[in-house]
Every structure is written in structure tokens, then in C-alpha cells.
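**Student:** Read off the chains here:
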Amino acid sequence: MAAPLLLVVLVAVTVRAALYRSSLAAFISERVEVASPLNAWKRVVEGLALLDLGVSPYSGAIFHETPLIIYLFHFLIEYAELVFMITDVLTGVALYLAIQDFNKVVFKKQKFLIELDKYAPDVAELIRTPMEMHYIPLKVALFYLLNPYTVMSCVAKSTCAINNTVIAFFILATIKGSAFLSAVFLALATYQSLYPLTLFAPALLYLLQRQFIPIKLKSKSFWLYTMQYAALYLCSLVVIICLSFFLLNSWDFIPSVYGFILSVPDLTPNIGLFWYFFAEMFEHFSLFFVCVFQINVFFYTIPLAIKLKEHPVFFMFVQIAIISIFKSYPTVGDIALYMAFLPVWSHLYRFLRNVFILSCVLIVCSFLFPVLWHLWIYAGSANSNFYYAITLTFNIGQILLISDYFYAFLRREYYLTHGLHLTRQDGTEAMLVLK
Amino acid sequence: VCTSRFWFNYRHVANTLSVYRSVKRLGIPDSHIVLMLADDMACNPRNPKPATVFSHKNMELNVYGDDVEVDYRSYEVTVENFLRVLTGRIPPSTPRSKRLLSDDRSNILIYMTGHGGNGFLKFQDSEEITNVELADAFEQMWQKRRYNELLFIIDTCQGASMYERFYSPNIMALASSQVGEDSLSHQPDLGIGVHLMDRYTFYVLEFLEEIHPASQTNMNDLFQVCPKSLCVSTPGHRTDLFQRDPQNVLITDFFGSVRKVEITTETISLDRDLPGFERKLPEEELATEPLKYAEQLPVAQIIHQKPKQKDWHPPGGFILGLWALIIMVFFKTYGIKHMKHIF
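Heads up: the protein sequence lines correspond to chains P and E, in order. Residues in the first sequence are numbered consecutively from 1, following the UniProt record's numbering. Residues in the second sequence are numbered consecutively from 1, following the UniProt record's numbering.
This is chain E alone, in the form it adopts within the complex:
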């Protein structure tokens, strides 16, 4: 997620697109990526190289290219949409590419960049998301079994404040700077005129360039990326909510889509009468006839539904009082002599 717009926030778009590229390179397909960008860099009138977004000076690496699939662009990058994507509370008309279709075996990587402060992250200059909201959204995801493990990376000023409030299990968080520190950008490109990348993401990307789908690098190495000498700010991480030891967590668990595929040349036939495979049918099931489709639907009940019973009835005292009054008025006007005929 890139939460900034405007030309001078070029680096945030470049950050996000670079991470997007690495993740795609390591095997995660577009259908499993939700990319939120204010997509106003490549075609910005101020871009001297239109249709490109560079992540390295001297224009070495164009991260925009042909196959970037942006799911939420421009004004759709709002706090509401972000939280809806996370929690799954999306209107039924949303297309699949805009949904996070994760289940309880999914590992999710969330990378956010932009301008932030102590406890909040600014979305597009008009709204903010707070660390409390984010923590609650993750808790909703946990309760709805939308993730197995979650890695949260944030590259903003005072980024560590955003993961302070997490309380759901299986979350690991990384931030580019501690509370009170600013994250700094890496290098300006004099040809384009803006800073192209942020330091932390730059070094993370350098680190990621060495990862390939089969690499066994673990999270502890990621925590060492960008020491204070290179980054000026102190990166932070949080692993107390995570069940496994970061030593045993592979980078590719989150950044790549790695499956263990074994290719075999022998054929295996699936045979019904394999020994050791007992098919026990409980006797009770065979006794009943299979139901016809129509009988399974309680149509008769639906058609002959009785009208809903009125639950409210006027209190007995009221009815008694009212009719007593009416009878009294009647007898008062027409005389007592009628009483004889009634009683």
C-alpha cells in the first residue's frame, strides 16, 4: 500500500512498486496481490520520463513496466477501502482482484509506506489510520480466520508506533524507524528531480535481490538489514506475538509463493480395492430411501404458513374499562329501564 499522492512523494510509489516486483519475482501471482497506489507518477506531467517509475538512480530499474496490476488506484486508496480489504467487509459487487481472498492457511505480507507520525499513518493528505484501528483490523482478521501468519512492514517516519498496539497472535512486524525518528530517503535523481527511494526499502530490496525461491534465509537476517550506519534511523521489529522462532521462519514464507513440488515419473493408480482400505457403511444409513429433491424443501410448510400471530393484545383492564364506560354512557342517556332487559 502506498498512501501518498503527488509528485514529490515519488519515492513512496517507487518503494511499493519495487516490493511488488520482488514479490512477483519470487512467485506470488497478481491474483494474490492487492496493490494500492495513487497511480499518479508514471503519467504525471512533471515526469520527464513518462510511463516509467525508477527505483534506482541513473534510471537503472524501471519498476513500472508492462505488467503492473494496480487494484486500488488514485482516490480509491482510502482508509475505509484498506480496512475493508483486510477485514473482508466488501460490497458484493467488488471484483475478485480487489478482494483479499485469504483463509486460515494463508501467510499475508502487508507493506505500507507513506507519511506517518506517532500512532498514525496519513492516507492521501486527507485522512489517517491509527495504530489502534490497524490492530483492531488485524484482530478481526484473526477472529475471521483470514490469516495463518502475518508480516507487517512499514516504511514511514516513526513507523514503530504503528505496530505497538497489535494484540492478535501470529503477527510479526518490521518498521523503518522508531518513535521520534524520521525515515529518510535514499538518494535524489537529478534527472527526475525527486528522491527515488527510501533508505530502508532500498536496503530491504538489495537484500531481497539475493533471495530466490529456494533460499533458506530466515527472518533474523531481515532484521539485520539497514543498520543505523546506513539508514540513519533505527529499524525496529516485533516478534512477541509470533508463535514460531524468527530463526525458523523463511523469508520465502512471506515474500514468495513457494511450494514443495516433487516430480515423479512413476504412475500411481487409484484402486478401489486397495487392501487396508475398509469401507464401512453404517447400517442405519442404508435403511432409508433416498429423498427426492422436492421433499427436501419444506414447500408444504411454506405455502400453508399461518399468518403471523399478533403478539400484542390490549390489556384486559383497558377493554373492561372502555366497555364499562360505554355501557354506562348508554344507560345514562337512555334510562335505567333498559337494564332490566339485559340482566
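Extracted from the complex, chain P is given alone in its bound form:
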């Protein structure tokens, strides 16, 4: 299926190139929804300019990129637009290959379970066929490359695209089964922005599944593999951090990047939940609430791991979505990454309950963001509450999306093993509820 993929890639590149040359590029790159203090292009340029003047870019509170980004853009700054287009294309291609492999795995597993008679007899309509799964990788690449969020993020030259590329390569490496590469890319992703740390669990679960190691706490092989993977991951992380020390011969980047991500000092409005709270908060509570908000991101890993240990890729999807909703400086680029996965679960469509509301909420909120921003900042007839209301609604929509998919996925799994027509004790039709 190389040809359709190539076509999609060409269309995506054309759209981006056209937008780069238009006047919209300047407008988009200033939007706070697209460029956050962590990944704005202006700040990258500023940091590199400071470096040319002989000052450490981390000395002011402007530059919050990692040293590897400094190294990358030091040589490529004149070709920045090309770089971002290439990263988007790489992400799309990586996702395409990953999902292609994943489909094979899913199909193999399904066949295996059918032969083992694990499925109830009347679930024929829930079984996935290769026919329907044939176009899913293309759809995934399409969803990522032509998503307006991705296009905006690329035109704004936000380094979120690079983060997405690294995470996509990580997913590709994990699904291909190479523990070493997966650990390396996960370390790189964690090094870039702290939150992919939580993707350690789904990757581990997938690799264990691939090696046919059962996940029992007493099993020695489980612990051995976990230790190996964890060691690989931590070593590569340490190596990368030490290497970045040698770029500028200072550890300045650690408080500037990770301290900044964790302590959220910059309260510019964005599509996340942090800024409004901390703008209104008293000083002596801020540490407590920073901790609460940050724990909120990492907190869902373990319960989800317990619930979704048979389905690590879905777990990965939910985890990426949770990161992009609850991280300290989310942008639409993060959202684009998990939205790219939605075609993979298109077979859950019949179980989704809130499709209409969700699509309305997400589309309307996306349009209302610039409107209310203009009303607040330029017209002065609204205030931050309006913008925050839209942020809240947007995030609620996203959370509803994830929980809907979660429910649909679990429901399908339940139906597969227990049959489509569930009956209660007394014979009436039963309904599955997510408690």
C-alpha cells in the first residue's frame, strides 16, 4: 500500500507548504493553543540567538527546550520548515507501519483465541476481518497527517511535532518487538517532555505479551524481563542526559526543562487546566496543588495497567490521551497524536454512545477558542473565565471521548467472551455498565 500512502504524504506536504507561504502562518504561530512556552518556535530562535551571543540559553526563563533540540536546530535552522514537514511525514509513516504490524498481531491473536474456543458462539459480527482492517493503517496516517491540528502545529513550527515523532518511533519499535530500540526511544521521549514516562507500563506489557511471558507477580521470568527493560530504559535515559550535559557543559537544562514542566511557573493561557487554577491560587497553596495536578497525570497508569493488561496497545492509546489532556502545557499537537489512533478502534463504533455530542463539543470548542481569545484580549468584553470555560469544555469533551472508547472497548471484550445477548438471572436483557 505504498502508493496511497505516498499520495497522502504528498497531499499533506502540499497543504503545509501552501500554508507556510500564506499569511496565515504568522497568525497561527502566535496562537496560544498551538504554541506553548515549552515548544514555541520563537523561543527556539531566541535560545539559539542567545547562544550565538555567548550566553547560555537557559539563563533567562525563555528557553525550555532540551540540548538535543539545540544541537538539531543549530545546523538546520535555515531549513526549519523542511525539518518540520519531514518530521510530520516520518510520524505518519511510523504510525502507518506500526499499525500495519499491530493489525497482524491483532488478527493472529484473534485467530488463536477462536481456535481455543474462547469466544462465545454468537459473536460472529464482532469478529474483525482482514478486509475491514486493510485500510486502517492508511486511515491512521491520513488522520495524523491531514488533521487540522497537526497542520496548524506544523505551520507554527512548534517542536511538539518532534515530540510526536519520537513517540511514534517508540510505538513502532514496541510493536515490532525490539525491546532495546523501544527503550531507547522511550528514553528519548521522556527526555524531551517528561510525561512519556508513563508509557513505560504499556510498552512493557506489550513486550511481555510478545515474548509470551505471563504477567504474574510471582513469575521469575516476568521480573527478569521487567528488570532488563527497566535497566535498558534507565541507562539510555542517563546516557542521554549526560550527553546533553556535554553540549553546554552545565546542568542548567535540568531545572529549565524538567523543573519548568513540573513546577509550572508560566501561566500563559493554553488549552490545559493548569493556568487558570494557578493564576487564582494563593502562594502557600501552590506547591500542594502543583503536586496534586502532576500526580493526576501519572496516577492513572497503575489502575489502567491492571485493567488493560491484556490489551497494551489500547492502554498506550489511553495513556497518550491522558498525557495530552492533563499535561502542564498541552497543545493541539499532542491531541493530534492520539486522535491519529482513532481509526484503529473504528470497530468499536457500534458501542460508542456519545459520538454526536463529542464531535459537536470538540468542533465547536475548537472554533470558539480564537473567538473568545479575541473577545478577552483584544475586545476586552470577556475575561479569562470565558476562555477557561471553553478550555474546560474542550477537556471534558476529550475525557468523555476517552472514557467512551474505554467503555466501548471493554464492552466488546465482554461480549466476545460472554456472548452478545446477555441475560440476567431472570431472563430479561441485561445492560453492561462501567462502574
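Each hint should be verified, as a subset may be incorrect.
[To be verified] What follows is a list of derived Cβ distance ranges for each label pair:
1) P:G259 x E:D182: 55 to 63 Å
2) E:L83 x P:T268: 37 to 45 Å
3) P:L72 x E:P91: 42 to 50 Å
4) P:F285 x E:R46: 51 to 59 Å
5) P:E115 x E:L325: 52 to 60 Å
6) E:F330 x P:V238: 19 to 27 Å
[What the hints assert, rightly or not] Listing some non-contacts, in silico: residues in chain P with all C-beta distances to chain E over 10 Å:
7) Y20
8) L53
9) L126
10) K139
11) F180
12) F282
13) S381
The set of hints was computed from the structure by calculation and includes no laboratory data. Just so you know, these numbers come straight off a predicted model, no measurement behind them. Note that the Cβ used here is the ideal one computed from N, Cα and C, for glycine as well.
Mind docking chain E on chain P? Use the hints.
**Tutor:** Chain E only, in chain P's frame:
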């Protein structure tokens, strides 16, 4: 400079305006005077004689009149503006009348009046200027060659403290009272209801009335003005920073703008071939052609300027380490057999 506002500080405005008048009478034009007043006396609702400011009881002398040019009025009389005028650090949009356009041949007279204390002078009830600031401002003026000689007169309570800290050369200072003494006002006018003048300035003005542009009175006479019997406070002066002997300094050096003008009736023609006037042109200068205007400007250099060299490069160790890691990862995943093809 009059640093007070409000009706009950009438006398400070009258002081300043009287000195302004004397100085103008002795020849200094408005373009050479920077007058800072809180100009709220003449049109004050409490003034029984609007549009006038009197300096003598019985309303003998209206010092306000028609041709008073106030440069900094009302809320513009601040410490910052005063220091900016002195040091010349003025925003480019300031008009000429508000600037002190002095150079190193100018003699400057600074007269300040208001309420003061030991080491400070109060500006308009909200801020103060200290003697240290003033001394530093004068030092800046000296370093920027903004004065040749400077006469500083201050008529406030404890005025001598303001000139204690001066350290720049060519400054002479006079004050109406010593540290610990108050300067007193001269006389109230029952018709207007406030004191019209301060004692020291009153006697200085009486002294100045006798000066005319050709008078040879010197500074020593000014130091004798207002003895303790008349002034109640002890006037002080400081001449240690001054190069010349005060005996030889004329009053009109500071208070007036006196030029030596000789009128002659004979014509003098400026003749090129005057004897004794040799025009030696060094030979080297004639050898070169005169430059055209365009060549004088390095346009070619400007147009073809190379882009600025990036000064920072990542350290060699970093690049080596990074690419070594990348190659190691590549070979680890894809097997050692590719090594043969590279090496």
C-alpha cells in the same frame, strides 16, 4: 528653582521670580534661563490680586508681569527633571527652552529655594533631593564639560548642608543659613495674607538692585550681604572649590550676561594676501583626487555583508558521543553483519 507649591509658600515663588527679574535685567535672556516654578500663585483662588506676585509689602513690585517665561511649571518640577536638566540626560523630544544648553565656557547660576533640612531639599511635598545627589549631578556636569564656573545659591532652612558634599572644581556656594538654623521670612503683607519674601533673598535683592551691567562689585561683597543682625540666621558660603579668588570674581560674571563690546568706526577689510599670512599646503594633500560622495560611503561593504558567523558550535566531544551512540544503536538493532560493509 522654586521647589514648593501651595498658597502658603508664596514667598518661595516671589523669591525665585525676583531673582529671575534681576538676572534678566542684568542681561541674561530667557533662552539662557531655566525657570522651574509651581506656578500656582498668580492664579490661585486665594490670591486677592489675581495675576500678580508681589515681592515687597505694600505691593510695590509685581514680579509676575507679562514676560515671565516659566519652563517647568507645576508638577513638572520634580527631582528627576531637575537632575535631567542639569546633567543633560533629556529625552530627545524636549524643547530647547527646557534644556540647559551650556558648554564648558558657560558660567551657571543656580538659585534654589523652598523647604529644606539637614542634607536634603524638599520638592513639592512628595520627594527630596539630597546633597549627595546634587554633588553627583554637579560632578556629572563637570565631567561632561557643561560648565566653566558654577554659583549655587540656596535659600532654605539649614541650607549650608546642601553644599557640604560638593567635590567638583569651580563651584562657589552660598546659603542662607547654617546647619541647625532656620531661614526666616521677611515680612507678611496683611493685604495678601502671607509672607512675601524670605529675608536672605530680600537682602540679596536689595544688593542686586545696585548692580548694573558695568559694575565691578565682586563676590566678597555678596558674602557680606545679610549679616546676622538683619537675617537672624547666619549665611554661609563655600569657596574652596573655586579656582579664582572671590575678590576677583565679578557679580556680573554670574548674574548678568556682560560682554565686552567695543564699537569702532573704522572698516577693516579681510584681505587674502595679507603679508605675514602664509598658506602652506602640504604637498601630500594635493596628490589625491577629491573623493566623490558615493565613494565615501562604504556601500559595497554594506550590501555584500556576509551573514554573521555563528560563534557557537557544539563541542566536538558531544557530536562524537552522540553519533557514536546512534551508530551503536543502529548496529545493535540491525546486527553486526552490516559493520563489514562500512569498514
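**Student:** Please write out, lowest number first, the hints stated earlier that are contradicted by the structure.
**Tutor:** Numbers 5, 8, 11 - these are the hints that the structure violates, sorted from lowest upward.
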